[in-house]
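S.K.: Top to bottom, those sequences are chains A and B. Numbered per my numbering, the first sequence spans residues 1 to 309. Numbered per my numbering, the second sequence spans residues 310 to 587.
Accuracy of the hints is not assured; some may be wrong.
[What the hints assert, rightly or not] Straight-line distance between alpha carbons at most 20 angstroms, and here's what the computed SDA-like set of lysine to any residue pairs gives:
(1) Lys359/B with Asp208/A
(2) Lys195/A with Ala206/A
(3) Lys586/B with Arg301/A
[As the list claims (entries may be wrong)] Derived list of chain A stretches under chain B, where covered just means 3 residues or more per stretch with a C-beta under 8 angstroms from a C-beta of chain B:
(4) 27-33
(5) 72-82
(6) 137-149
(7) 239-251
By construction, these hints were calculated from the structure, which means they are not laboratory data. Note that CB positions come from ideal geometry on N, CA and C, so glycine has one too.
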Amino acid sequence: MTAVSEARVAGAHPKGRRRRHRTHYLLLAPVIIILLPIGVFPLLYVLRLSLFEANVNKAYLGDIFVGLNNYRDFFLDAYTWRTLLTSLIFTVSTVALELVVGLGAALLLQKESRFMSFVRSLILLPLVMTPVVVGVLWRMMYQSEFGIINYFLTVLGFEKVSFLAEPGVALPALIVVSLWEYAPFMILIMLAGLKSLPEEPLEAAAIDGASDWQMLRYIVLPMLKPVILIGVLIRSIDAFKVLDLMFVTTRGGPGSITETISLRIYYTAFRFFQMGYAATLTVILIIVINIAVIFLIKVFRSSQAELAS
Amino acid sequence: MFANRKNSIQFEIIRYLLTVLLLLFFFFPIVYSFLTSWKQPIDAFSIPPKWLFSPTIENYIMVLRRADFTKVYINSLVVTVLSTALAVIPGVLAGYALSRFRFRSKEGVANWILSTRMGPAIGIVLPVFIFAKTVHLLDSLGILIALYTIFNLSYVVWMMRSFFDEIPVELDEAAQVDGASLLQVIIQVVFPLAAPGLVATSIFCVIMTWNEFLWAFMLTNRNAKTLPVMMNGFITEQGILWGQLSAASVMVVLPIFVFALIIQKNLVRGMTFGAVKA
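Kindly generate the complete structure, drawing on both the sequences and the hints.
M.R.: As structure tokens, then:
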């Protein structure tokens with residue numbers, strides 16, 4: 001890395017620099033032009049729409065400018081706040097569980113052997129599985145009468161549970177599905193992190209008689225921090241936006257217990273046809289997500305700096 | 310590494326037990342779905358579940374006989390392949406520019422490119438839906454291909470930048486000293502070295518496009534439906550035909566599984582936009 005940046009500095013003589021000055025715009029131009037419609041236009045459109053009342057269900061008389069009324073409504077809209085809370089609970093619990101399972105599993109599976117590498121290959125499959133199919137699969141397994149999970153429960157002497165229909169159970173049941181689907185991401189990212197750790201500090205600690213726990217707590221975890229942060233941020237951003245899973249399994253039910261903010265926006269726009277208000281909620285969601293994205297980019301940069309040094 | 314130290318036998322036994330437990334949790338549902346796809350309807354519902362049964366290919370035949378399955382499958386293929394191919398060329402060039410050139414707004418541009426794909430899908434679908442409706446592009450493959458190309462593009466840029474960063478810039482400069490033009494440098498020197506990265510990146514685009522649900526669900530109806538949309542309709546429609554549901558699932562995810570195993574080495578990198586390398 002350092003060699004690369006030195007070469008860059010050395011190569012930046014005046015003439016070469018000027019010639020290169022135009023080419024990078026030329027190379028970037030197509031991407032920027034193609035991305036503009038999606039990187040800028042929808043944002044402006046949604047921002048504008050969020051200031052209007054655009055209920056396309058009633059006798060639709062065109063958009064009516066209402067200023068910041070939609071935003072005021074949002075602050076008073078307890079229902080939406082509850083969906084935000086649902087998203088938050090879903091995000092925090094699934095990411096926390098993924099983190100624990102990810103770290104534990106990575107420590108288990110890091111050993112180099114044929115069996116372990118076989119296990120590592122099988123474990124990554126849920127991660128790439130089509131999310132709708134994941135929903136289909138778990139709906140089948142959660143089924144209250146003939147579902148395989150309820151069969152195992154009865155074998156173990158428990159009562160059958162209607163996982164996706166019982167208020168107290170539905171959200172945890174979906175958190176388990178999400179854990180199944182995305183813990184492999186944490187496992188893989190932790191394995192990569194563990195593999196890149198330098199050996200010297202660990203050897204030194206071993207010679208000094210450190211226990212496994214001490215090594216994990218004081219050497220491995222601190223050194224894994226950038227990797228863990230990246231994993232947590234990427235997963236949090238994704239989990240907060242989640243929609244597919246609920247869409248296929250519970251549709252937000254029972255009642256509205258598993259209704260996340262994305263689902264709320266979807267229903268506002270395409271069931272209640274309140275386009276303006278849906279746009280307002282979208283703006284709120286974009287703001288929340290962008291705060292996380294800014295953090296993520298900072299971590300990206302600092303981890304790159306760490307790798308370069 | 311501390312995990313490779315010699316450990317007691319009890320420790321090793323616990324370690325393997327836990328590994329088997331992990332494997333059961335993550336892999337059993339897939340096995341279960343696969344087995345169900347080969348069961349007669351009666352076996353699919355039997356309690357206790359039958360682990361040994363006479364397999365039938367009927368579920369697969371029933372799914373393939375559905376009028377729309379082949380069509381939807383082809384839709385998915387077309388949309389996936391085209392949107393990946395269209396994203397790769399401009400994406401590679403921009404990734405090269407971000408990797409090799411130094412200019413003031415560089416990080417700003419790179420971050421903006423990343424932010425276009427981090428936004429909530431539901432936020433983009435609202436304006437795109439209204440736009441597609443006004444220009445009568447709803448339910449067309451074109452609007453899906455356009456949207457997925459744009460979506461893949463930002464990804465290709467970030468990934469290829471990280472792959473290009475690994476190729477020493479001295480190679481470019483040596484070739485340029487020898488009189489090669491920039492395009493020649495890219496095509497003849499850098500590109501062959503970045504080819505494995507490009508393959509991995511493209512496969513990632515294929516997986517993500519193939520799996521995408523919300524946009525396809527919003528923007529298509531009958532003609533341009535893709536597989537995830539069909540699977541979603543399939544549940545409500547055939548809620549109890551588990552055999553067929555599973556057979557369709559297997560056919561949807563099998564190509565993805567193969568691809569994922571091919572790029573296994575680059576999977577972590579692909580999922581972190583190039584930030585974490587395995």
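S.K.: Run through the hints listed earlier and report the numbers of any the structure violates, in increasing order.
M.R.: 1 and 5
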